[in-house]
Amino acid sequence: MKKIGLLFNGVWSHYVFATAPKYKDVMKLVYIHDLSDDELEGLEGLMIPFQSNQDIITEKKEVIYSFLKKGKKVFVEGDTTSEWLDAEWVDRPTNNYWWVENPNNPPISDTDFSHPIYEGLSPRHSCWHTHGSYLSAPKGAKIIQTKPDGEIITWETHEYGGTLMATTLDPIVEIGVQQITHLDNYVEKLVKWMCGEEVTGNFEVPKENYGIAV
Amino acid sequence: MIKAAVVSNGLHGIHKYFVSNKNVEYTILEVTKNFDPDLKPYDLLVVPNGSDHIAMGRLKAKVADFLKEGNTLFCFDGWFTNWIPGNQWIMSNEKKTIDIRYKVKTDRHNLMEGVDINLLIYNHNISGWWACGYIEAAPEADVIIEDTWQRPIIVLDEKTTNGTMILTASGPLGDSGAIPTDDENSYAALGKLYQNMIRLILQKKENEKNRVTV
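Chains as they are written, first to last, in our numbering: chain A, 1 to 214; chain B, 1 to 214.
These aren't lab readings, by the way, just hints derived from the structure by calculation.
As the structure is a computational prediction, the values presented were derived from the model and not from experiment.
From the three backbone atoms N, C-alpha and C, an ideal C-beta is built for every residue, glycine too.
There may be inaccurate statements among the hints.
Stated by the list, open to error - Footprint (simulated), chain A over chain B, 3 or more residues, beta carbon under 8 Å: (1) 6-18; (2) 45-53; (3) 73-82; (4) 87-93; (5) 185-199.
Said to hold, decoys possible - Quick list of in silico lysine to aspartate or glutamate cross-link-like pairs, EDC-like style, CA-CA up to 16 Å: (6) B/Lys95 with A/Glu204; (7) B/Lys33 with A/Glu204; (8) A/Lys24 with B/Glu136; (9) A/Lys207 with B/Glu25; (10) B/Lys205 with B/Glu25; (11) B/Lys96 with A/Glu204.
Using the sequences and the hints given, assemble the complete structure.
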């Protein structure tokens, strides 16, 4: 049964993730231009991936906050805008190669490993690269990950009814891209945290999923 | 002067990467719920990395008509829907990125002139950074670049339709960059590759003009 909506921009990495046999039974693609209360009915969580259309999200932000008000979970990754989130995101250079050139100096220096998503993860599995930083989070938010300079990478708040978590990591896009091979560790825990379902096994990419008609 | 339409999914950077210049006049087409743009004013349709392939799938017939008129399509993204005539992008995680190498196969129009192929392969000594998956190319299309396993990565197709298609296996390109790298050499190499593609389209336009006037 599908329990988590993935806000879907028609971007291929989102599609790869949500249609992979490992995740397809719990993930529902919610096309961004169709986002509505009805589309989220029956779901426990909503993922808003990197490479989403922030203008359309802003137009439809009431749907997201209404979903949160019902006690649901929303996970936001990558860039955002303060037009729909009570936080200030800023762009920063993305370092994809620190693990080759400077492995003892990862872009994230502090992680709260007591959070259910991070509990049991190794530092390497909880940090690959970031897309920008938060200079501020909503009042009362719990800070979960920070950079060496103190900028915020991951935060969580219960201010809106349910749980809203935001990170500038990009596990959804990157697991779809499949260039980083350890992301199942993070995403399995993310899925479990969002809907209680355990997903296991290898991440496969069936060829028949490509070349589809709409 | 080429009149180009760039499809925009509302992502950060598109407007910055496609700026009008002496060779190309760019118009940005923002994807909306009922996206149905008039392509008649344009010679070139650019579908950059991070595009909406649900929206493009719904434009399949219009793109076919556009190509039938002798126009040009650039697609630098992973098109999981079947909207590009004769050619299909396929995502795959069967091969490891550490083993990815590229080589030039058929380059009759010198699209790789002045482009160091090693800069497409390596970024900060990490291979397989640029493209993802591969293209199942039309039988008569030119495979400009293939990977370690002879899978097409850049395709030029002048045969399947009356127009011209230049396709990458989700390798980002843009007039002034559109490249997810801070490596200036890679940035310059991909900028050069894009300019070589523009040069080909300008040549074709010039040839067509001369043919009509003779």
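Verification of the supplied hints:
{"no.": "1", "hint": "6-18", "verdict": "holds (count 4)"}
{"no.": "2", "hint": "45-53", "verdict": "holds (count 4)"}
{"no.": "3", "hint": "73-82", "verdict": "holds (count 6)"}
{"no.": "4", "hint": "87-93", "verdict": "holds (count 6)"}
{"no.": "5", "hint": "185-199", "verdict": "violated (count 0)"}
{"no.": "6", "hint": "B/Lys95 with A/Glu204", "verdict": "holds (12 Å)"}
{"no.": "7", "hint": "B/Lys33 with A/Glu204", "verdict": "violated (31 Å)"}
{"no.": "8", "hint": "A/Lys24 with B/Glu136", "verdict": "violated (25 Å)"}
{"no.": "9", "hint": "A/Lys207 with B/Glu25", "verdict": "violated (38 Å)"}
{"no.": "10", "hint": "B/Lys205 with B/Glu25", "verdict": "holds (14 Å)"}
{"no.": "11", "hint": "B/Lys96 with A/Glu204", "verdict": "holds (14 Å)"}
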